[in-house]
Amino acid sequence: MLRFILMRLGKAAIILIAILTLNFFLIHAAPGDPAAVMAGEAGAADAKFIAQLREQFGLDKPLLTQLGIYLKGVLQFDLGYSYRQQMPVADLILDRLPATLLLTMTAFVISLVLGTAAGVLASARVGKWSDTAISTLALLFYATPLYWAALMAVLLFSVYFNWLPGFGYETVGANYTGFRRALDIGQHLILPATTLGLFFMAVYMRMTRASMLEVSQLDFVKTARAKGLKSGIIQRRHIFRNAMLPVVTLAGLQAGQLVGGAVLTETVFAWPGIGRLMFEALAQRDYNLLLGVFFVSAAMVLVFNLITDILYRFVDPRIRVA
Amino acid sequence: EPVTGGRANVVIQPEPPSLMLGLVQNGPTQMVAGQIYEGLLRYDEKLQPMPQLAKSWEVSEDGLTYTFNLHDNVKWHDGEPFTSADVVFSADVFLRETHARLRTSLEHVESITAPDDTTVVFKLKQPFGPFLGIFEAGTMPMVPKHIYEGTEYKSNPANNTPIGTGPFKFAEWEKGSHILLTKFEDYYEDGKPYLDEIYWHVIPDAASRAVAYETGVVDILPGGSVENFDVQRIADMENTCITDKGWEYFGPLSWMWLNNREGPTADKRFRQAVMYAMDRNFARDALWNGLGKVSTGPVSSSTRFYTDDVNQYDYDPEKAKALLEEMGYDGETVRLLPLPYGETWQRWAEAVKQNLGEVGIDVEIVSTDVAGWNQKLAEWDYDMAFTYLYQYGDPALGVARSYISTNIAKGSQWNNVEGYENKEVDDLFAKAAVAVTAEERQKLYDEVQQKLVDDVPVAWLLELGFPTIYRCNVKDLVTTAIGVNDGFKDTYIEK
Amino acid sequence: MKDPVLSIRNLKIALPEGADRDFAVDDVTYDLFPGEILCIVGESGSGKSMSANAAMGLLPDLVRPVGGEIIFDGTDVLKLSEAEMMDLRGKKIAMIFQEPMSALNPLMRVEDQIAEVFEAHGLLTPKERAARAIELLTEVGIPDPQKAARAYPFQLSGGQRQRVMIAMALALEPRILIADEPTTALDVTTQAQILELIRNLQEKHGMAVMFITHDFGVVAEIADRVAVMQYGKIVEAGTADEVLDNPQHEYTQKLIAAIPKLAAEETEAPVGKTPILEVEGLNKTYVTGGGLFFSKPRVVHAVNDVNLTLCEGETLGIVGESGSGKSSVGRCLVRLMQPDSGTVKLAGHDMAQLSGDALREARKSIQMIFQDPYASLNPRSKVGRIIAEGPMAHGVSKQEAYARAVKLLELVDLDALAIDRYPHEFSGGQRQRIGIARALALEPRVIIADEAVSALDVSIQAQVLDLLADLKERLNLALIFITHDLRVAAQICDRIAVMQKGKVVEMGPAHAIFNNPQSDYTRTLIEAIPGREKELAAAG
Amino acid sequence: MADFWKRFSRNRGAVIGLAILAIVVLVAILAPLLFPQSPWRMVQRPFLPPFAMDQYPLGTDALGRNVISGLAYGAQVSLLVGLVSTVAALLIGIPIGALAGYFGGWADDALMRFTEFFQTVPSFALAIVLVAIFEPSIQSIIAAIAIVSWPPVARLVRGEVLSLRSREYVEAAILSGQTSLTIILRQVLPNTISPIIVLASLMVATAILLESSLSFLGLGDPNLMSWGYMIGAARTVIRQAWWLSFFPGVAILLTVLALNLIGEGLNDALNPRLARRGK
Ligand SMILES: Nc1ncnc2c1ncn2[C@@H]1O[C@H](COP(=O)(O)OP(=O)(O)OP(=O)(O)O)[C@@H](O)[C@H]1O
Ligand SMILES: Nc1ncnc2c1ncn2[C@@H]1O[C@H](COP(=O)(O)OP(=O)(O)OP(=O)(O)O)[C@@H](O)[C@H]1O
Ligand SMILES: [Mg+2]
Ligand SMILES: [Mg+2]
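Protein chains in written order, with our numbering: chain B, 236 to 557; chain R, 5 to 499; chain P, 15 to 554; chain V, 5 to 283.
Isolated chain B (complex conformation) (with noise of 0.2 Å):
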């Protein structure tokens, strides 16, 4: 099992690189450069204003240079500097990562269950009315845009019932501590995190539903029936954990890229998340907070896959004993 663990974090070790490699060429093939974007902040700049900051971030230097002293960095934890917030890079994304985990996995969580449970129920009643009206909600929440909803939720919810705040991570000022903090920052979280889980739970839904009605085909089910086992203990003990193990495969892919793909709802909700840092990272082309999140995004991905392939032993003797 160790050794499996650490082959794995070997391998993502060099997907990890080769993703900070294909990045930084990206990148650096766009037109603009740091220093102009800074000095245009700064409201006036000369020639040697820009020369100044571009010796200073290291931007004078040959682009492979500058590759491999990112790399060298890189390989020592260090993400290196971000050029116009001035700090490190990886403070400020672990300033901005609580707030995104926080959405992301609630939303994940959300989705998860609610889907699970939407797919199973749609699949014990196939072909009924309750079936084609789960599905078709779910196919609704799938086919929404995700920003669209979040504007819509916001207008009803937050504008128009005033029942929710609709932005924000908390109530800025409000100097909550302890459990009140906890629950203020709960409430911030509903709408993003319900749009957010309500367009995945579709997808869990239907695959849920998919893998239960094939596993529910499968010859043991009919062993189990001709035990005389209730249709209960059939669904629940057969069907469901292994119609479970396609969509862990997919929860495990789908948890990780929800962590940098929560772009659009940080924006909405103006979520301090990683999604908005690299939307800002990207425009002011600070090369190296945006490299730094795209390795934090990609991480979270490799971390995510590795969790499930493990919770995949455990759930799967087959894998855990070969």
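Note that these hints are calculated values from the structure, not bench results.
Result set (DSBU-like, lysine-lysine): computed pairs, CA atoms no more than 35 Å apart in a straight line: (1) P:Lys105 with P:Lys93; (2) B:Lys465 with P:Lys16; (3) P:Lys26 with V:Lys10; (4) R:Lys158 with R:Lys196; (5) P:Lys105 with B:Lys363.
Beyond 12 Å from chain P on every Cβ pair, some chain B residues (computed): (6) Ala325; (7) Val344; (8) Gly413.
Heads up, the beta-carbon is just placed ideally off N, CA and C, and yes, glycines get one too.
Fit chains R, P and V with the ligands to the supplied structure of chain B, relying on the hints for placement.
Chains R, P and V with the ligands only, in chain B's frame:
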């Protein structure tokens, strides 16, 4: 009567990269750090200098020697006393290295000296008309010598906990969320500031900012915080005041760079046609919610030495068509760069495209992000491009730079980007800058404005109005030409 | 005679719309008596499983009984509620299925799956259940029952899994055991063991067993009484002896006649002396798993130093249990797989060393007929194209290739119009003929038939075997016939090679192998052939 | 074909989806006839509410442009982006998947690592970066969407090819002397068509969503009126003019929904295993 106590909740957008005003001078930094750092002077709505760190000043007859007398009880936020040595260090050492805009102005300065702890003397090489206009915090912020001298300025750890002399000191910065400033108890002006603290809320989405005001989370929306479409709706709310004052020093003027070097835009008639083809009144009403003014030329009406005695380009598509006909425009596509600063600018580009399309000019919008836009301008890779620039109260500081031929150089978007070359204009600007009397300067600037408006080196659009919206019980928010940027010193909240 | 435990009366089961016929089971009546083994035989799709499933209330969705009754204990099972049915299942009637691979839940330990039977009927404490599970496993003869109880299904062999299934079925001592082709997926030797086990348990517990099979060999081995089904109807029923020795119905007669006879005749081998294919020192090892980063790989020595010679016009059989390496040998010969070492001389040229165009050229003379008549034809190509593709790839013009395809279709007794149809429009036997035509299209000298008739029903099997024998004669082909069915091998082969664990353990003329096997392994194989004793008794 | 249609039409949702899609396609094609004026043209006062003037049934936007005309032209963009980027993604994904699956070994390893790599980068973020870097235009958007959406195709095709590759008819083709290329093109790929079609129909839907998301973030082609653009532009005025974001949102919703329904229908009709279940 001012009341002490209370908190101001203000929106800040975008989040400033740093609060060290000596190193970074972008808009949001100036707004927040303007409470932390101070300059020697402030300016009233008429751009007349007012005391700040300098309680008084004299200018010699010949216009070459400027003497400033400083307050003697000023302390830095860390308790160290502020003296003339700090001024000399800031202006002569620190800012010369870090502040590109100031550096240009300081080229006129021969020496900066401190005869005693509360006196500073600037000696100029030759008279420089706008010199008294460069002492506000954003242009010449005072930085603590005892912290920065001999260090690597940009990586000094103190940059994260800025130390100034201003009415508020830095307390906390939750990145992506808020910045908190608290009252500086040892401030040198008695009883000021009135507020206990200022919360700057980082809310990156314009609609969210509007909601934040509506739901009472914030009380002050500095200019540009909400989309223009929202201004009226919010202004109509109860207990809400709105002012478009506080931008006089900056005099933000928008225009389209027109590439004078090549393509159809190299032809003066084409450029004039562009001016006639644009319905700028519509743009102001539809996009800017009726705020701001249609510009008459290169100088903002709030800037000194403005004149409206120039050719007027009213919306007249027929005239535009005639001009195009005359020059024999063949329908060549021109590329238009919008300003990547939000929806309004995007819409504006679309409206201009539509306007120009109606007189037969084929426009293609090239969309880029901030970095791409900067680069394209700096590399002159455009045909037409939106922008807006500050004027800093005086044509010599904020106008000439865009039109004089010595300022044509790739690599910057703050100079003569359009590539306009006119010897007469160069001469007039040069003379006007060093002329001693205001009358003399006015005459020269009248002439140069008329010439420029005839040549249309760039297509002027609007003098932008950036209204500040606030609850009416927030008093004395905008008291100077710099508005919110240094306003909180006087602000109090009525109970 | 005693009263029947289960009595099926005029059962009629309707199939959903669009099925191949209206009723899966049409007016079927039969009885199952205590203490007897009733075999239901018939070809695939004849409705054997349906009637049994109906008794368990386990019919597939949309398949409904529409008439008749199934009397158990004096009540009509068809009228029971689902709750009553649940009580019946597992406790009074138990069932085992064909596929041991998929009939157990892959995620649950064996003991838990057995314990579930008790749980389902609310019997015993969890501890007792576990103990019973081990007792049951011991009873069905699983080696090391303690360990097997803790195992997951994938850790057991097919035969062991089938034993687990039986243990589960026996758990509550049901009065009826329904076994739906429980040995079809197993090797002959394992099959023999399982049949014996069922027989013994039946005697010990005095159950009634309904045994479903399509194999008359199995019937002869195990049945007390037999019911023969065709198209959803019972065409003949009686005691095993009556039906096997003296079939009345035409269909039964046909089926019995089609069974390949075991006794290989001592033929005058028509073997030309010229060897066409000489195989020497062939080796093939599979390494699976492992990969770039993963755990220890699994190594299987599938072909272990195999030597073979095939002469012109000869048929060489390769027999052996599943996994013994038969297919691997065949695939190495045609180079669908690269052997690790050894030479394969085809008419003097070493195939094993060729590659690229030379290999393509050499393959013209050695072709293959595949097992699965469904998977061996591209469902998206028309038959004409399937046959003509080979010659065209070797530069024959399209017209000529198609003309040849028509001839070949006639040769295998198919209509020339078939070239314009898709494979799915043909029956299994017809498809196998198409496969044969395709193999012949390149005018090969050697044909390898890997389980070419295993997937076919007996009657069709007989036809295809006849066709092969006929073609071989007419075209002077040499044939390598790979099969696990010794009866088939006995019928068609001149010489036979017996494989075990990658090695050829015995090779010789067919009659010698059957009548005078030299190795123990061959002997076990032969003894395990179902129905052999009865056949010998009849012959002898 | 008739058989296929019969099975497809048994799924009521799929038929509804097809009907909706047909309408969208029709509107897209007829847009220039229905609305001869450019959708960018400022025709009335800004923020004219819906149903106030017959000529502008869905009102006007912040610049007084006709919303319904924008919707019609937006349909063109959405469908174009959806289709072209899907085709592009298929053109990348199918060869990679087919080669990996057919040849196996190190080729498979290399190609799959490559694919995995693209799956590890958060796809929406990558799309944003690509569009920003190559500057927003219809080409760059299509390219970016294709680049982030091909990996599932490659995986699907690889899986299918892997299982088809050991099918006996493929082995028969090898024995009959056909070249690898012929075998891939003639024997293998035609049999992967069904799942690819199903996947493709869903990819078109995803691509439309992706395009609209990019436009929403201001990364759309500034010279083309698209639905995402309309919502993005309307976001800031959502309070005073709900209809500006509402209608294009509904348009996207319906189109994506339609494509998903069609995808499900295709799946039922093309997947014989499901079809037999007689759902
Ligand atoms: N789930 C199902 N849905 C619809 N029809 C079915 C289903 N299962 C079987 N059939 C049909 O019912 C008929 C009888 O099937 P049954 O399974 O009883 O045959 P069998 O004799 O057991 O065949 P085999 O030897 O192949 O198992 C066949 O025509 C078959 O096609
Ligand atoms: N592609 C493969 N990769 C790894 N192992 C394989 C492969 N093919 C076969 N084997 C293993 O090699 C051994 C011999 O397999 P082979 O298919 O030759 O047996 P067989 O005698 O044809 O069996 P059957 O009667 O089941 O067809 C088996 O243990 C099998 O598991
Ligand atoms: Mg059956
Ligand atoms: Mg085999």
